[in-house]
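Novice: Take a look at the letters that make up each chain.
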Amino acid sequence: MHTNVSTKSVISARNLTKAYGEFKAVDDISFEVPAGESFGLLGPNGAGKSTAMRMIGGVSGRTLGELDIMGLDPEQHGPEVRAHLGVVPQQDNLDEDLKVRDNLIVYGRYFGLPLSYLRPKADELLEFAQLSDRAGAKVDALSGGMKRRLTIARSLINDPKILLLDEPTTGLDPQARHTLWDRLFRLKEAGVTLILTTHYMDEAEQLCDRLIVVDSGSIMAEGSPSSLIKQYSTREVLELRFGAERNAAMAGRLEGVGERLEALPDRVLIYTNDGESALEEVTGAGLHPITSLVRRASLEDVFLRLTGRSLIE
Amino acid sequence: MSSRDTGTRNTGLSPSGLKAHPPPEAARRARRFGSFYFAEHVLRSMRGYGWTIVASSVGTPVVYLFAMGIGLASLVDARAGNQGIGDVSYLTFVAPALLVTAAIMVANEEFSYPVMAGFKWRRIYHGPNASPLSSSQIATGHLMAVAVRLIFTCGIYFLIMMLFGAVPEATGWLAAVVAVVCGLSFGLPLMAYAAGIEEEKGQFPMVMRFVVTPLFLFSGTVFPLDSLPMVVRWIGWLSPLWHGTELGRVFSYDYAEPVWLSVVHVVYLVALALAGWAIAKRRYTRRLGK
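Going down the list, the sequences are from chains A and B.
By the working numbering, the letter at position 273 of the first sequence is numbered 269, and the numbering carries on one by one without gaps.
Basically the working numbering = 1-based index in the second sequence + 221.
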């Protein structure tokens, strides 16, 4: 057992690496997560987030580095580490042969929890997940959002202090996402440490106190959403669309407007602290975009700045 | 072993103050009883198709014992001057074989598609894999649940054999035990095979066609193995169905065979089951990443 971790960290990763032959899915990443924090791994698909999550969850070994979860090495103390965790996987793995409530009870049995605890606990969690009226339904009768909420309810059956959420809202419609975020906020308020992977910048901004931006298995930046935006972007962004054929050509004529400029295939981004003034400058120069939008800078801009690529490709 | 107090509060999601036992206790129980917990899950899932299990457990012996033990038997017994085969009626001769065949059919059903479903199609194994359970406990739990179904099926089968008057010896119930072991000796290697399949390309129908069916036909089930030419008799010697059937006959109607051969049957069946179980556990562990 390692003892040299920060006393407040519930998760500590040092030089964590996972290689499959020559390919490094996770390449030498280090981070610490204090208790009660909502910590995110933000990056595009294939960045290595889920691999890191599987190592934290004690279901995948590491190639190099050190990892402590609640002071325990998951490779040495797998069952003990996993007993601390609640896990919401990227792909649902609910048992569709079982009814909604039975999915919670069966899962709780894996932790050796008695039925006298599990029956009322399952009812409470269904209430929390807004699924009480579906308790006796078959799982395959649930919508995608309901299944995710049921999976979150299932992950809470053992009263975990750490919750791992791998792409919790991927594939959900906006309303279902907001309902889910609301539930996760409540958990955060209750002191649960949330570890979250996402490729949605708005999700990361909504839910994470602090995050690491991951690309190709490596950490590109680390900090709170606001500090990352402050460090890597301007306050506002002016988005201009001149049409797919003309964006690149127009970008050349926009040099000098704002602090920085990114020419993407579908739009031109001008980074500035005053988007409206920049837009006036553009139109004053006789350029007339098909559409224009002034918006607040986001983590998408941070990622673009760091990698030169968009988060969702 | 203990972990540090992290200072986190209870999730506050339990208005009634329900509190789970602490993680070290959960891990201790999972290490000790994890296989039972997963077996409980699989058995609860089986309740979803419980009526199918009950109907097939009753229907199969009734249909087969009528068709073969009475229908076909009337021809065989008449040809043999009512001496049946080896001085017993054809019903008595064939019943232990049909019992073992039923066990193999159940094993074939439960250790093929459900294993693939667990890993890939429905990903049922991945839920417990993220809990304190180990991957090998998941494999063992699956096997335990199927063993329960085998005990149920073979028990019913044996009772119906009794009703048909197909079990003259008091030790006949041991034929049902042999059938359960035989089901596992066929099923666990199949489970190990299924755990290694990444993509289903009709492998299970092939197993049915080219393994299960030939075993049924060439394992001394509906006629004695020694009535086959030497060139195909080896299929019976390799077949768990033949070993199970012969042993079942020893218990069911005092079928005469040397003791050493009965010992060979037991050793062969147990060895196949243990080897299959060991390989299955290794494959589950590799595939589930732990």
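Calculated from the structure, these hints are not laboratory results.
Be aware that a few hints might be false.
[What the hints assert, rightly or not] Computed footprint of chain A on chain B, listed as stretches where at least three residues anywhere in the stretch have a Cβ under 8 Å from a Cβ of chain A: (1) 315 to 327; (2) 333 to 345; (3) 386 to 396; (4) 462 to 472.
[Claimed, not checked] Estimated spans, in silico, between C-beta atoms of each pair: (5) 226(A) to 423(B): 57 to 63 Å; (6) 422(B) to 226(A): 37 to 43 Å; (7) 243(B) to 174(A): 33 to 39 Å; (8) 259(A) to 243(B): 52 to 58 Å; (9) 423(B) to 171(A): 38 to 44 Å; (10) 19(A) to 271(B): 29 to 35 Å; (11) 423(B) to 174(A): 42 to 48 Å; (12) 419(B) to 223(A): 43 to 49 Å.
The beta-carbon is built from N, C-alpha and C at its ideal position, and this holds for glycine as well.
Novice: Look at each hint and say if it fits the structure.
Specialist: Going down the list of hints, with the structure as the test:
1. Check result for the region 315 to 327 of chain B against chain A: violated, 0 residues qualifying (beta carbon to beta carbon below 8 Å, three or more required).
2. With 3 residues bearing a CB less than 8 Å from a CB of chain A, the region 333 to 345 of chain B meets the requirement of three and the coverage assertion stands.
3. Only residues whose beta carbon comes within less than 8 Å of a beta carbon in chain A count, and the region 386 to 396 of chain B has 0; fewer than three means the coverage is violated.
4. For the region 462 to 472 of chain B, the assignment as covered by chain A is violated, since 0 residues bring a beta-carbon within under 8 Å of that chain's beta-carbons and 3 are needed.
5. A C-beta distance of roughly 58 Å is found between residue 226(A) and residue 423(B), which places it inside the suggested range of 57 to 63 Å.
6. Taking the beta carbon of each, residue 422(B) and residue 226(A) are about 54 Å apart, not inside 37 to 43 Å as hinted.
7. About 34 Å separates the C-beta atoms of residue 243(B) and residue 174(A), a value consistent with the hinted range of 33 to 39 Å.
8. The supplied range of 52 to 58 Å is met by residue 259(A) and residue 243(B), whose beta-carbon atoms lie about 56 Å from each other.
9. Take residue 423(B) and residue 171(A): their Cβ atoms lie about 42 Å apart, and the range 38 to 44 Å holds.
10. Between residue 19(A) and residue 271(B) the beta carbon distance is about 46 Å. The supplied range of 29 to 35 Å is therefore violated.
11. Against the hinted window of 42 to 48 Å, the Cβ-Cβ separation of residue 423(B) and residue 174(A) comes to about 45 Å, which satisfies the hint.
12. Separation of residue 419(B) from residue 223(A) is about 44 Å and conforms to the stated range, judged on CB atoms against 43 to 49 Å.
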